[in-house]
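Participant: Here's the letter readout for the chains.
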Amino acid sequence: DAKTTQPNSMESNEEEPVHLPCNHSTISGTDYIHWYRQLPSQGPEYVIHGLTSNVNNRMASLAIAEDRKSSTLILHRATLRDAAVYYCILRNEGSQGNLIFGKGTKLSVKP
Amino acid sequence: DTGVSQNPRHKITKRGQNVTFRCDPISEHNRLYWYRQTLGQGPEFLTYFQNEAQLEKSRLLSDRFSAERPKGSFSTLEIQRTEQGDSAMYLCASSLFTEAFFGQGTRLTVV
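Quick note, the sequences are listed as chains A and B, same order. Counting from 1449, one number per residue, gives the positions in the first sequence under our numbering. Counting from 5, one number per residue, gives the positions in the second sequence under our numbering.
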């Protein structure tokens, strides 16, 4: 699976939108972009995934660049509960294999 | 179904002892993954099962580590002759399609 690059940490204010960037310049055509997050003392949880088109679900939105070399996870209104480490992961769906985690972005949310 | 269950949640053992962890995945999930996570790092892949077949093993999985999933349901991870460097959170995840569901992990402390 190809590598991703994320900022180590970001800060946000409560009830404001948050844009978490991820670079994946070596992405291949069959790599899906997955986002997971890990709350303190919890296992990671799935947030969203996409291939080419932007995606929305109840947790977040995923904006994917036209060349697919970068993507942005958007939390529309951050809450204190969104403070977590966010991982951007590329996964070749053809293999259905494991998820390769990097260090992720630690998001802090200030009240 | 309450999700992926891991037992025990915490384990303290003396160096040189053997330990075994159990993971009960979500029913009917055919894929099961083991990860290890140390403080400040993302989860590191250890091994992956599809049904009862162990399809992939990381180089991190030394000969002191063994994992089984005998009937394609629950899985066990055994560490023999534990070392202080084995101290970590051991996470289990299961999936049927795209989304992987993680347990809360077993925290191992080797003293």
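None of these hints come from the bench; they were simulated from the model. Glycine is no exception: its CB is placed at the ideal position from the N, C-alpha and C atoms. Do not rely on the hints blindly, as some may be mistaken.
Claimed, not checked - Sample of chain B residues facing chain A (criterion: CB under 7 Å; computed from the structure): (1) F69; (2) A71; (3) E72; (4) L95; (5) F106.
What the hints assert, rightly or not - Here are the computed lysine-lysine pairs in the PhoX-like style, where the Cα-Cα straight-line distance is at most 25 Å: (6) A:K1517 - A:K1554; (7) A:K1451 - A:K1558; (8) B:K61 - A:K1451; (9) A:K1551 - B:K61; (10) A:K1517 - A:K1558; (11) B:K61 - B:K15.
Participant: Against each hint, give a clear statement of whether it holds in the structure.
Facilitator: How the hints compare with the structure:
no.: 1; hint: F69; result: violated, 16 Å
no.: 2; hint: A71; result: violated, 13 Å
no.: 3; hint: E72; result: violated, 17 Å
no.: 4; hint: L95; result: holds, 5 Å
no.: 5; hint: F106; result: holds, 3 Å
no.: 6; hint: A:K1517 - A:K1554; result: holds, 22 Å
no.: 7; hint: A:K1451 - A:K1558; result: violated, 30 Å
no.: 8; hint: B:K61 - A:K1451; result: holds, 19 Å
no.: 9; hint: A:K1551 - B:K61; result: holds, 21 Å
no.: 10; hint: A:K1517 - A:K1558; result: violated, 30 Å
no.: 11; hint: B:K61 - B:K15; result: holds, 24 Å
Hint compliance for this structure: hints 1, 2, 3, 7, 10 are not met, and every other hint is.
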